[in-house]
Amino acid sequence: MTKDKPTVTIHGDLCKGCGLCIIHCPKEILSASDKINELGYLTTVVSGEGCIGCANCYIVCPEPGAITVVRP
Amino acid sequence: MSKVFEKSPAFFDTFERKPSMQKTTHYCPGCGHGIIGKIIADQLAELGLQDQAIFVGPVGCGVFIYYYFESSAVSSAHGRASAVATGVSRANPDAVTISYQGDGDLAAIGTSNAIHAANRGENMIVFFVNNNIYGMTGGQLAPTTLIDQVATTAPYGRSIKNDGFPLRMAEMMAGLEAPTLVARVGVNNPRNIRQATKVIKKGLEIQRDKKGYAFIEILSQCPTNWKKEPKEACEWIDEVVSKQYPFGVFKDLTEEREAVERPCKRVEFAEVAKQLGLVETAASDSKQLEMAHDEMHFKFAGFGGQGVLSLGMMLAQMSMQRNMEVTWLPSYGPEVRGGVANSSVVVSKTPIGTPVVDNPNVLVALNRPSLEKFGPLVPEDGLIVYNSSLIDQIPADLKCKVYALPATDLASTVGTVKAANVVVLGFIARKTGMFELADLEVFLCETFKKPALQEVNLKAVNAGWQAAGNL
Chain R
1 MTKDKPTVTI HGDLCKGCGL CIIHCPKEIL SASDKINELG YLTTVVSGEG CIGCANCYIV
61 CPEPGAITVV RP
Chain X
1 MSKVFEKSPA FFDTFERKPS MQKTTHYCPG CGHGIIGKII ADQLAELGLQ DQAIFVGPVG
61 CGVFIYYYFE SSAVSSAHGR ASAVATGVSR ANPDAVTISY QGDGDLAAIG TSNAIHAANR
121 GENMIVFFVN NNIYGMTGGQ LAPTTLIDQV ATTAPYGRSI KNDGFPLRMA EMMAGLEAPT
181 LVARVGVNNP RNIRQATKVI KKGLEIQRDK KGYAFIEILS QCPTNWKKEP KEACEWIDEV
241 VSKQYPFGVF KDLTEEREAV ERPCKRVEFA EVAKQLGLVE TAASDSKQLE MAHDEMHFKF
301 AGFGGQGVLS LGMMLAQMSM QRNMEVTWLP SYGPEVRGGV ANSSVVVSKT PIGTPVVDNP
361 NVLVALNRPS LEKFGPLVPE DGLIVYNSSL IDQIPADLKC KVYALPATDL ASTVGTVKAA
421 NVVVLGFIAR KTGMFELADL EVFLCETFKK PALQEVNLKA VNAGWQAAGN L
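Here the protein sequences line up with chains R and X, keeping their order. Under the working numbering, the final residue of the first sequence carries the number 72; numbering is consecutive throughout. Under the working numbering, the final residue of the second sequence carries the number 471; numbering is consecutive throughout.
Note that these hints are calculated values from the structure, not bench results. Check each hint, because a few of them may be wrong.
[Said to hold, decoys possible] Each pair of labels, with its calculated beta carbon distance range:
| id | chain 1 | residue 1 | chain 2 | residue 2 | range |
| --- | --- | --- | --- | --- | --- |
| 1 | R | I52 | X | E255 | 32 to 38 angstroms |
| 2 | R | K35 | X | K373 | 41 to 47 angstroms |
| 3 | X | R194 | R | P72 | 41 to 47 angstroms |
| 4 | X | T137 | R | I52 | 40 to 46 angstroms |
| 5 | R | K35 | X | G175 | 28 to 34 angstroms |
| 6 | R | P72 | X | N162 | 55 to 61 angstroms |
| 7 | R | K35 | X | E229 | 16 to 22 angstroms |
| 8 | X | H78 | R | T7 | 41 to 47 angstroms |
| 9 | R | K35 | X | K243 | 34 to 40 angstroms |
We put the beta carbon where it would ideally sit given N, CA and C, even for glycine.
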């Protein structure tokens with residue numbers, strides 16, 4: 001991944017697995033995983049490439065700090 | 001254009017609510033509250049209003065906002081957020097006052113507070129989070145619950161005949177003259193969230209410019225109590241909820257409204273004390289009371305109607321007039337007459353830590369249950385006065401001096417059984433050595449204005465005083 005491309009990071013320890021980010025990602029690069037975090041939730045993970053930095057996932061996520069999107 | 005979307009600096013870095021959840025909110029997965037909080041935090045940071053913001057929290061799922069936003073915050077009783085925010089706004093005219101309320105809070109118990117704050121055009125922004133149900137308490141019917149929507153208290157769904165129509169708060173607020181901005185937005189998909197962000201930003205700008213009252217109703221998903229997956233809950237807002245509660249800006253007078261300035265007079269504490277008439281008492285040099293201990297604890301107990309509360313009040317007032325620190329703590333049932341009642345009084349030479357009396361130095365028991373309950377709690381150097389007119393048997397486990405005072409009989413001989421408490425007052429004043437008979441007489445004449453009452457009470461207090469000399 002080069003510096004110039006947008007990136008998305010999901011902080012698994014803060015994710016509650018509601019899945020809203022998955023359904024609103026236009027590139028369909030987020031998906032549910034079978035990882036259970038310390039809070040007891042099945043977390044969402046970034047499973048593909050091609051983030052366009054639209055930040056849809058960031059704005060629909062109810063948890064402050066669970067998703068970071070960098071648009072270079 | 002380079003941009004980073006991450007946790008807003010308007011949030012605390014760690015949320016100190018629970019040791020196990022220092023970075024996450026208490027909201028359920030997919031809850032709209034979290035999204036709304038993020039929008040508010042982002043916009044406060046963007047407008048640079050974080051330090052000016054004062055949040056007023058509700059009772060409901062939004063109750064913990066003070067743990068999340070790194071701004072000032074006040075909690076209020078259920079439904080009173082708009083009223084408390086009025087005080088916050090009036091006392092801090094430079095603040096951005098934010099009232100954050102749910103539909104159970106604002107549209108049910110707090111409707112009148114919300115409407116009158118709006119009608120006065122207070123400088124505040126109200127976020128009305130409408131998830132058409134009582135969320136925190138587990139999904140009861142709210143005024144905003146949709147027709148036929150099932151709630152725990154409406155198992156067959158909301159019926160118009162039984163429960164009335166869903167309340168459209170935004171439309172009601174828009175019908176008032178004073179509000180500057182009234183809108184309804186949603187946080188169920190990216191498009192609606194972007195629209196909500198614009199409206200919320202505008203509302204905060206109105207507060208920055210002091211242009212009056214902004215009301216933003218936000219349709220918010222409650223996947224838990226709607227018993228839907230977060231995805232279905234969000235879709236249900238578009239398909240069903242927004243049909244009853246249409247999105248839109250119902251009123252926007254931002255351009256034509258001028259800043260609202262209200263006088264805010266700041267006074268020093270000394271001035272407040274003077275206005276309340278406290279200065280004279282504080283400056284009085286009358287002699288302090290002589291007492292067996294620097295802090296004396298009293299318990300007056302009996303049936304309701306025997307005057308145990310007013311007996312405690314009289315002792316506290318007399319002591320206060322002598323420059324003592326005092327507290328008076330009543331305890332009684334819902335009955336005005338009958339039932340059991342007691343009052344705890346603390347009289348001290350130094351400020352009092354607690355008004356609760358566990359081991360009274362002086363116990364007055366006007367009935368038998370009171371003597372049995374509190375008598376054993378009096379320490380060895382204490383004293384007990386019991387009403388021997390009504391109590392024929394005393395518990396075996398009393399440790400201290402016990403005086404049998406026929407208070408009801410003595411009161412009856414001076415004219416009325418109602419004066420039994422004043423008989424006791426005379427008795428304990430002499431036994432404790434706290435007051436002179438003349439002090440009592442002056443106090444009673446100030447308290448009772450009618451001559452007939454004065455006469456009876458003076459006789460009663462004298463009877464008690466004489467009895468204390470004989471026992």
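Results of checking the hints against the structure:
1. R/I52 <-> X/E255: 32 to 38 angstroms: holds (36 angstroms)
2. R/K35 <-> X/K373: 41 to 47 angstroms: violated (59 angstroms)
3. X/R194 <-> R/P72: 41 to 47 angstroms: violated (21 angstroms)
4. X/T137 <-> R/I52: 40 to 46 angstroms: holds (42 angstroms)
5. R/K35 <-> X/G175: 28 to 34 angstroms: violated (51 angstroms)
6. R/P72 <-> X/N162: 55 to 61 angstroms: holds (58 angstroms)
7. R/K35 <-> X/E229: 16 to 22 angstroms: With Cβ atoms ~19 angstroms apart, the hint holds.
8. X/H78 <-> R/T7: 41 to 47 angstroms: holds (44 angstroms)
9. R/K35 <-> X/K243: 34 to 40 angstroms: 39 angstroms Cβ-Cβ, so the 34 to 40 angstroms window holds.
Comparing the model with each earlier hint shows violations of hints 2, 3, 5; every other hint is respected.
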